[in-house]
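Participant: Sequence:
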Amino acid sequence: MRMDSNKCERRMYMLWLCLIAVTQTIYAEVIVESGSEVILVCPVVGNYTFPVWTGPTGLSNPLTFGQTVNQTGFSFVNDTALRISAAETRFSGDYRCKTENGGEGSVTLKVTSYNVTMTFENVHSNGHYQGTYGENLTATCVISGGYPEPEVYFLVPSSSASGESVLRDYSNKTTTVKTSIRTQDNTFIVNASITYTISDYRNYGNLTCVANFSDVNIFKRKIVLVDILVPPQNATVTTIQGAVYPSTPAIFRCAVMSVPATNISWQLEGADFNTSGYNYSVKPTCTVDREITCESNLIIHDVKREDLKTVTCVLTYQQMTVNRSEQLSTKFSPTNVTVSKMPLYVDIRVTPQKVTLNCSVDESRPTAKIVWKRISASRTTMLTSSYITQESDGRYNASVTLSKIDVDIDRTMDGNMIVCCAQVVGLTDVCDSTNITVHYSPQIVLPLTDVVYAYRGDNVSLTCIVDANPEPLIKWENSTEPRPQVEKETSTSGYKLVLHLTAPSDGDKYTCLAEAASRQVTIRLIEKPLTPKPIIEQYSYSNVTIYISASAPQPRMPRTFYVMYALSNGDWMQFDKPIPDTRQGWLDWVDYKIPYTLPLGSLANNTEYRFTVKSVDSYGLVSMSETVYFTTEEVRGPNDFDSYVSKDTYNKAIIISVFVTAGVFLIIIIAIVCAMRSGKCGGSSSKSYVM
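What the sequence shown shows, in mature numbering (1 follows the signal peptide of the UniProt record, and there is no 0), is residues -28 to -1, 1 to 663, in sequence order.
Please keep in mind that the hints were generated in silico from the structure rather than gathered at the bench.
Backbone N, C-alpha and C fix where the C-beta goes; we use that ideal spot for every residue, glycine too.
Any given hint could turn out to be false.
[Stated by the list, open to error] Straight-line distance between alpha carbons at most 25 angstroms, and here's what the computed SDA-like set of lysine to any residue pairs gives:
hint : residue 1 : residue 2
1    : LYS194    : SER253
2    : LYS255    : LYS313
3    : LYS468    : ALA488
4    : LYS192    : THR208
5    : LYS341    : ASP319
6    : LYS70     : SER116
7    : LYS313    : THR284
8    : LYS376    : VAL327
9    : LYS505    : VAL424
10   : LYS82     : SER116
11   : LYS70     : SER130
12   : LYS313    : THR400
13   : LYS468    : LYS505
14   : LYS313    : SER253
15   : LYS500    : TYR534
16   : LYS505    : VAL594
17   : LYS500    : VAL424
18   : LYS481    : ARG428
19   : LYS468    : GLU509
20   : LYS82     : SER130
21   : LYS345    : SER332
22   : LYS481    : ASN541
23   : LYS341    : THR310
24   : LYS505    : ASN541
25   : LYS586    : SER490
26   : LYS281    : SER219
27   : LYS505    : THR400
28   : LYS276    : SER253
[Unchecked claim] FRET-style restraints, in silico, Cβ to Cβ:
hint : residue 1 : residue 2 : range
29   : PRO218    : HIS96     : 50 to 58 angstroms
30   : ASN515    : ALA538    : 16 to 24 angstroms
31   : ALA576    : ILE644    : 54 to 62 angstroms
32   : ASN98     : GLN213    : 39 to 47 angstroms
33   : PRO218    : GLN415    : 50 to 58 angstroms
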């Protein structure tokens, strides 16, 4: 029978509850915790006193003889039971009692101890373990003074799925070694070691050793802190700002994360920066979390064009050194760009010409890209060279470049520029140019057609424009008449010569000559259509109606009318909306009128204006109608506006009212005459009705 010792100690009347009686040899088991008082009752039935007690090896056996008790801390109770004042683990074992009448009994005592001593071995002077991120750590936990032997395992912090830090049993995922020794005091010394990899420097900051006494579900824990060393991680050196000669300094940044902090220093070409001779400054900063991130900014203020050197960030961590390097490469534009100059002029009047141009560019870093352009007054055109750009070493650890291009010259290039530009990304282009002057044969730009239309009887001006360089001899000729007087000038399209003709004849031919270029035009006369004076009427204060009448042009062709107006002494203005000639068939064109309503929003009221109609046909010939004067009405009140009628409408109304009045009087006279004749007017009936 197994009993809880706490229920048995210090209470004599509980002794019999801890016994099991047997017929011959009687056994019993008592379990108590170390330090407890325990009374062992001889399980032999009968009347007897002072049995002989013997105990486990190591005690003063026999424990009793007669009334004498040989073991310190032991004594008789009721002359038969054996009392232990403070149980010790070494007292665990079998206790036998033998009575004077030959009866024997056995009691097994098991003394447990959960008050263990737990220590970690091989720790540093501060009592912590020291591990390195990414490497293995071996920890040893020693548990002393326990009985029975405890189960030992380790808990290692890690992150849960939600990101929280939790303890996990890593015994089955790591290397765990456990040994145990049973001491003379009947306790165990358990030596347990764990070897695991520190794969997360944020969560491996401690380690827990657990001793589990499964018989009573008691857990003893010992926690040791782990100082995790994090060697330099993510060590980088970058160019924050590239040097641009002569004004922009170079800025380098070196950054590293470690625990503890890493010392950062700078070198130039393998030597300490203090010996470089440069004007520089260093700005270090460190931020501390679970890890330490340090940065150092190196600023080189007085960069030189020839700078093409290695800058090294030296990271010193305990006994380890890590280097990271970056190139100091000063960017600068070329100082000079020179393009070979064109000859005074290029003559393509006889044969086509090709000109080869050279562009030399002095040093730049990086090597400049050479771009050729053709620039005219209206646009810029990129040119492509068929030559390979040549490079050669310069004075500042950079390259000098030379580019060539063949340019096919044509008449459109006259007055253009050929530009050579050296381009360095992020810097301003450096360019040089040469102007092109081209001598090319005359080309007649105007007239565009070989027929010129005019109204019969009108004067005609013939214009000849010639594109050429240099200025050609231009003349108008008529094979049947001497060359008339002409006026010569320069236009944007070339050289211009105008021939003024007074009332030429239909079919006259004139030729514009410019050296080998010529163009003949024939004059064709058409009848000027008649456009009589327009009729204008005002029906309201917002609009005016104009009636346009015109004869058909000969030959027939489409045309458009425009209403022109002006103050009596002002310049002509035109209503924006054109009026198409919509008449069909061969009607009397003079009597056929087109009404058109004009808004008066742009005209002042009570003001005299001039009106005329402009006719424009499909040849672009223009004729004007006679001018008519018209005075707009003065604006009146709303009631006057509602009852307003034009003068023409008013006159018509007067005429109608006169005729109506005369008719009424005539009817009255007839009625009176009929009445005087006995009412026999109006029919054969004998009755008459007076209305």
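Participant: Could you run down the list of hints and mark each one as holding or not?
Facilitator: Going through the hints against the structure:
1. LYS194 with SER253: violated, 51 angstroms
2. LYS255 with LYS313: violated, 52 angstroms
3. LYS468 with ALA488: holds, 17 angstroms
4. LYS192 with THR208: violated, 46 angstroms
5. LYS341 with ASP319: Distance of about 32 angstroms is beyond 25 angstroms: violated.
6. LYS70 with SER116: violated, 36 angstroms
7. LYS313 with THR284: violated, 48 angstroms
8. LYS376 with VAL327: Within the cut-off at roughly 10 angstroms; holds.
9. LYS505 with VAL424: violated, 29 angstroms
10. LYS82 with SER116: Cα-Cα ~18 angstroms, so holds.
11. LYS70 with SER130: Not satisfied, since the Cα-Cα distance of roughly 60 angstroms exceeds 25 angstroms.
12. LYS313 with THR400: Holds. LYS313 to THR400 sits at ~23 angstroms (cutoff 25 angstroms).
13. LYS468 with LYS505: violated, 38 angstroms
14. LYS313 with SER253: violated, 48 angstroms
15. LYS500 with TYR534: Distance ~17 angstroms between LYS500 and TYR534 Cα, so the pair holds.
16. LYS505 with VAL594: Between LYS505 and VAL594 the Cα gap is close to 16 angstroms, so the pair holds against 25 angstroms.
17. LYS500 with VAL424: holds, 15 angstroms
18. LYS481 with ARG428: Given that 25 angstroms is the threshold and the Cα spacing comes to 16 angstroms, the pair holds.
19. LYS468 with GLU509: violated, 47 angstroms
20. LYS82 with SER130: Measuring from Cα to Cα gives roughly 40 angstroms; hence the hint is violated.
21. LYS345 with SER332: holds, 15 angstroms
22. LYS481 with ASN541: violated, 41 angstroms
23. LYS341 with THR310: holds, 14 angstroms
24. LYS505 with ASN541: Judged against 25 angstroms, a Cα distance of about 19 angstroms means the pair holds.
25. LYS586 with SER490: violated, 35 angstroms
26. LYS281 with SER219: Holds, because 18 angstroms separates the two Cα atoms, which is no more than 25 angstroms.
27. LYS505 with THR400: violated, 68 angstroms
28. LYS276 with SER253: At roughly 16 angstroms apart (the allowed maximum being 25 angstroms), SER253 and LYS276 satisfy the hint.
29. PRO218 with HIS96: 50 to 58 angstroms: holds, 55 angstroms
30. ASN515 with ALA538: 16 to 24 angstroms: Taking Cβ atoms as reference, ASN515 and ALA538 lie about 19 angstroms apart, which means the hint holds.
31. ALA576 with ILE644: 54 to 62 angstroms: holds, 58 angstroms
32. ASN98 with GLN213: 39 to 47 angstroms: About 44 angstroms separates the Cβ atoms of ASN98 and GLN213, which means 39 to 47 angstroms holds.
33. PRO218 with GLN415: 50 to 58 angstroms: holds, 52 angstroms
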